[in-house]
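Participant: Could you put together the complete structure from these sequences and hints?
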Amino acid sequence: MVEVAHIGVVVTNADKSLNFYTRVLGCQVEDTYQDERIRLVFIKSGQQTIELIQYKEDPAGARGAGRVDHIAFAVTDLEVELDKLRQHNVTLLFDQPKVVGNKKIMFFAGPDGERLEFVQKI
Numbered sequence: 015m016v017e018v019a020h021i022g023v024v025v026t027n028a029d030k031s032l033n034f035y036t037r038v039l040g041c042q043v044e045d046t047y048q049d050e051r052i053r054l055v056f057i058k059s060g061q062q063t064i065e066l067i068q069y070k071e072d073p074a075g076a077r078g079a080g081r082v083d084h085i086a087f088a089v090t091d092l093e094v095e096l097d098k099l100r101q102h103n104v105t106l107l108f109d110q111p112k113v114v115g116n117k118k119i120m121f122f123a124g125p126d127g128e129r130l131e132f133v134q135k136i
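Position in the sequence shown counted from 1, then plus 14, gives you this note's numbering.
Among the hints, a few may not be true.
[As the list claims (entries may be wrong)] Quick list of in silico lysine to aspartate or glutamate cross-link-like pairs, EDC-like style, CA-CA up to 20 Å:
1. Lys70 x Asp49
2. Lys30 x Glu131
3. Lys30 x Asp49
4. Lys58 x Asp109
5. Lys30 x Glu44
6. Lys70 x Glu131
7. Lys70 x Asp29
8. Lys30 x Glu93
9. Lys112 x Glu71
10. Lys58 x Asp45
11. Lys118 x Glu93
12. Lys135 x Glu71
13. Lys112 x Asp91
14. Lys98 x Asp126
15. Lys30 x Asp126
Keep in mind that the hints were calculated from the coordinates and are not lab data.
Facilitator: So this is what it looks like as structure tokens:
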């Protein structure tokens, strides 16, 4: 069996995205890399790593869009986390959290419109 090493998300402004993921979501910087064509910032969310990818010349990337639909973050208290998002004027994608089986969920938008999700087991 293979294990996920990280999830890569193309962003238009690594600094703006890094600020969002660290200040709003509480992620921590793990590593960085930069050369003349790309800037990479690896951030930790629990045991998982997210790679923020900023292409310096073509932010959309010549390869086109990927197929990742969203990134979900496990939370213990959805309402507390939603209050934090509201304080930072983050766009929520539902009016109210939804119950799906034994979970409460809420989708929201990241700085580049990437779909993110909070999941709370109930």
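Participant: Does each hint hold? Answer for all of them.
Facilitator: Here's how the hints hold up against the structure:
Taken as a hint, the Lys70 and Asp49 pair is honoured in the structure, with Cα atoms around 9 Å apart against an allowance of 20 Å. With a C-alpha separation of about 19 Å, the suggested pairing of Lys30 with Glu131 holds against the 20 Å cut-off. Between Lys30 and Asp49 the alpha-carbon distance is near 19 Å, which keeps this suggested pair within the 20 Å criterion. With a CA separation close to 29 Å, the supplied pair Lys58 and Asp109 exceeds the 20 Å bound.
With a C-alpha separation of about 17 Å, the suggested pair Lys30 and Glu44 falls inside the 20 Å cut-off, and the hint holds. Restraint check for Lys70 and Glu131: not satisfied, since their Cα atoms lie roughly 28 Å apart, outside the 20 Å limit. For the hint linking Lys70 to Asp29, the alpha-carbon distance of about 13 Å falls within 20 Å, and the restraint holds. Distance hint between Lys30 and Glu93 is unfulfilled; the C-alpha atoms sit about 25 Å from each other, more than 20 Å.
Taking the CA atoms of Lys112 and Glu71, the gap is about 39 Å. The hint is violated against a cut of 20 Å. Annotation: proposed proximity of Lys58 to Asp45 holds, straight-line Cα distance about 9 Å (limit 20 Å). Restraint check for Lys118 and Glu93: the C-alpha separation of about 10 Å stays at or below 20 Å, so the hint holds. For the suggested pair Lys135 and Glu71, the alpha carbons sit about 42 Å apart, so the restraint of at most 20 Å is broken.
Restraint check for Lys112 and Asp91: the C-alpha separation of about 14 Å stays at or below 20 Å, so the hint holds. With a CA separation close to 19 Å, the supplied pair Lys98 and Asp126 stays within the 20 Å bound. Among the hinted pairs, Lys30 with Asp126 is consistent with the structure: their alpha-carbon atoms are about 9 Å apart, no more than 20 Å.
Checked against the numbered hints above, the structure breaks hints 4, 6, 8, 9, 12 and satisfies the rest.
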